[in-house]
Amino acid sequence: MDYGSLLQILDSTLRLATPLLLACIAGLYSERAGVFDIGLEGKMLVAAMASGAVAASGMTLVFSIPYASTEIVLVSPVVFGLLAGILASLLFALLHAVTSITFRGNQLIAGVALNFLASGLTVLVAQSLFGQGGRTPPLEGNARFNPINLPFADAVKDVPVIGPFYHEVISGHSILVYAAFAIVAVTWWVMYRTRFGLRLRGVGENPAAVDTAGVSVKGLRFSAVMITGVLCGLAGAYMATALQAGFGKEMTAGRGYIALAALIFAKWRPVQAMYACLLFGFFQALALRPDVVESVVRIKVPVPFLDALPYLLTVFVLAGFVGKAIPPRAGGEPYVKER
Amino acid sequence: MDRLPRWADLALVPFVSLTLAAIISALVIIAIGQDPWEAITVMVQGSVMNAYGWGYTLYYATSFIFTGLAVTVAFHAGLFNIGGEGQAQLGGLGVALACLFIPWPHWSLALIGAALGAALFGAAWAAIPAYLQAKRGSHIVITTIMFNYIAGSLMIYLLVDVLRPPGKMDPATASFPPEMHLPSFNEIPGLNAIFDTGVPANVTFFIALIMAVVVWALLWRTRLGYQIRAFGKSEPAARYAGINPTRIIMIAMLISGGMAGLMAINNVMGEAERLLGNSASGAGFIGIAVALMGRNHPVGVVLAAILFGFLFQGGAELGLWTKIPIELRTVVQGLVILFTGALDMMVRMLLVKIFALFRSNRMEAA
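Chains as they are written, first to last, in this note's numbering: chain W, 1 to 339; chain G, 1 to 366.
Source of the hints: derived by calculation from the structure; they are not laboratory data. Using N, Cα and C, we set each Cβ at its ideal position, and we do this for glycine too. Don't take each hint at face value.
Pairs of lysine-lysine, DSS-like flavour, derived with a Cα cap of 27 Å [unchecked claim]: (1) W:K337 x G:K353; (2) W:K337 x G:K323; (3) W:K337 x W:K218; (4) W:K218 x G:K353; (5) W:K249 x G:K353; (6) W:K218 x W:K267; (7) G:K323 x G:K233; (8) G:K323 x W:K267.
Covered stretches of chain G, going by a simulated chain W footprint (3 or more residues, C-beta under 8 Å) [to be verified]: (9) 167 to 181; (10) 301 to 314.
The shape of chain G in the complex, shown without the other chains:
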């Protein structure tokens, strides 16, 4: 098969995939008797046309950057980590323990402590599947699925039987002390000129951006990153070059789990300010779509995460203002994964044929 030009590979393939997903979503909306144009208008109005909407869009995007980076790091090592959901829930546990049991004097110190807790717990939850993959050859996809469910059960148990304050009904921890409140966009000097009402987007967004840079530097500017990518491209070649497979699998999965866990500082510490049941609420899975659409590159991940933030906030607006159920965003998420992940080859074949057509025309003209 002919190769596509670099620009087409980077921009055109995701664009075509996204367009296909959008067309089918529109058809679905028509099929259930609603107006796709109205839907997109409501989505755009509610998520990017005002500061309040952006406050939510960027809040969701923050979580998705973390989980998208998590999937990306694992992907480069040739591992498909679909355990982001469970790792993010455990990250939430790390945040809750750090915030509830350590008296931090200031939010900035609390943020560092909670972030360490989140990353540590997330990484720990990825460690067992990683070990089983490295040492026992059990498929990481299966073990991470199992660990998502085990995490779900563990969190229900902890929230109902252990961490729930006495006398409270809902399965959640106590609220974190007020000193640990992270500044939202409307409380940050400078930004509060734009965001004049309370929004959930908070300082964690900048940590997410820093993490994107860190992941980029790690993968493309360090020896370890080179080893991870080499291992992901060809395990036998990497082994022959003296790269230790166990070490790479463990490190890549620990970083991946840590990234997924870090998500919790956004939703648990930054927004809910206590640990609720099902805290990750699907963001771990959206990381898969984000990484696929972002072509497994941190820049792409950030852009895709903002797009999914728009989809998430816009979808919520749809549920509020139209008869289209909020579940439309799950459909779009599935379509994006289908086209950018599984049908990637189809889109490529299509584009290669179109390019070949242009090329032969040009040759005839010459």
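The shape of chain W in the complex, shown without the other chains:
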């Protein structure tokens, strides 16, 4: 394998890891607060559909300068799309929160229900809006998040080894890719360096203790699930407006579950979650280039095997071969103040 194809694979690793990372960090907030979320997939899917649909509508906010014929685009369609995606995902998160926190329903069953609802509703809505077999129209121009060239990307292009790496792999992604990595840092800081984070983790381990301290368990869990909604919204919007150009039926294709696997793989810690998502993104990138894999390992590796690798690795972790993955202790249990 030459350096060029390695760079290509690393480049797609970053692109493919981003939705996993956003969804994984989303799940981290909810699960650290004690609400298991297997509905990440559904939240991503509704966000992808909503952002694809709104971005396709071409909704724009422009400011026309008086007496001049120039117009300044204040908010482009893709930003409206992003907001719509976040909103849709938030609605689903709210449903999840009301079901599993207010009515103390089974969190896992609620997640399963949300995934089916999302899978069906997205097609129904997209079909009734656009009549294109459940897809949204293809997006182009400012209806998508376009690649950003980082400073000096062209200048350092010819520097050996590092230059192409910076130019090909680090530079040239959409803003959401960089945002995802920034969110990892922010999440680490929120979780381990703020009062909110301490309480959030407390609610996931021992809600009674947090309750005794006079902090609302339900309030904390609600806010955690809402943060999950926002981040899943970002993940879904990225799918429809950056990774691909528009929404397609079932376009998340199990990414919510891979994100869940990554979260377990990372033992519910943000920085490790980033590594796990990069690893799983790398597998997805490899699955797109079976020729490269074959030239490296010298035997034909079936593509389905590469697809299954994230799940296989997670099962290995769960089996306790690579250190034990212990979920937040109060996870899955609705909190009842008094019996």
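We have chain W; now place chain G onto it with these hints.
Only chain G this time, still in chain W's reference frame:
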């Protein structure tokens, strides 16, 4: 919280949940600019108003009885098996291997052999998650999800690279020999008076009904069933009573996986007569909705499975004759799971309040 009367618990709670799901489905249909009344008319016309429709409704119901029973058995042990989909796909592999490589002289023997293969493979696929839950404490929900995806990849690999006959393009096995054809309803003497055209519903339907009885007898009439239910109600209590948790988890999950696997004799052997990609086509997941709506009782499971068979066949008719996409059935499925599974408490609270209102009125009158 006050208790509900038994009849309300058994019949009223699912009825109210179902009504709520139906109302929201109707609102969804209105929201996408279609007519809910037309939708329900088309669904009823196409699925239960003639023998042909019933032939499909019962065919789908057969699969759902198996997967619903699978979820039910695990539920009674306090385990949420959402791996029915993967287990059913592996069951399909068991059926295909039994039918392709063993020369059965007659369909009845083939059915027994294929059923054993299906149950064995399904159970084997549930065994690893069960072991990890029992011995390592890894959550069964997560491992069974992972195993669904691993099963999907494994089946793609096997169908594309191993089992596909040479020269064929589509990822599927060769067709099974004609001797293994299971009698459909239109080929069974007596029933063929009603079903005069070819329908996919086949003898497997009766096996599904027998299995429902077997599961009932197992859970409520045997020592093992008692142990499973005791373990599901309270693990510490069961442990204190000398019930071995590892044994119960393993047995319950093996039965559950075997049930899900058995589904394959209906769709793979009874209908497709070869193993296709994504053979379970979501029936494993529908088992969750069926078990929740059937209150985890075999009788309820059979009724709920027939209702979902109606939904499935009716949904397909919608896709054919109206502008409502076939995906409506996924929405209804999600709503049913939401209301009967996750919002169960809400419905109960509501009913308890209504009952309390009646009770206080009666006391004032007296």
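Against the structure, the hints:
Restraint check: the Cα-Cα separation between W:K337 and G:K353 comes to about 21 Å, which is no more than 27 Å; the hinted pair holds. A threshold of 27 Å between alpha carbons decides the hint, and for W:K337 with G:K323 the separation of about 49 Å lies outside it, so the pair is violated. Taking the CA atoms of W:K337 and W:K218, the gap is near 10 Å; set against the 27 Å cutoff, the hint holds. Restraint check for W:K218 and G:K353: the C-alpha separation of about 23 Å stays at or below 27 Å, so the hint holds.
Distance restraint check for W:K249 and G:K353: the Cα-Cα separation of roughly 42 Å exceeds the 27 Å cut-off, and the hinted pair is therefore not satisfied. With a C-alpha separation of about 24 Å, the suggested pair W:K218 and W:K267 falls inside the 27 Å cut-off, and the hint holds. A distance of roughly 46 Å separates the Cα atoms of G:K323 and G:K233; the hinted pair therefore is violated under the 27 Å criterion. Distance hint between G:K323 and W:K267 is unfulfilled; the C-alpha atoms sit about 46 Å from each other, more than 27 Å.
Counting residues of the stretch 167 to 181 of chain G whose beta carbon lies closer than 8 Å to any beta carbon of chain W gives 0, which falls below the threshold of three, so the coverage claim is violated. Counting residues of the stretch 301 to 314 of chain G whose CB lies closer than 8 Å to any CB of chain W gives 0, which falls below the minimum of 3, so the coverage claim is violated.
In this structure, the hints that do not hold are numbers 2, 5, 7, 8, 9, 10, in rising order.
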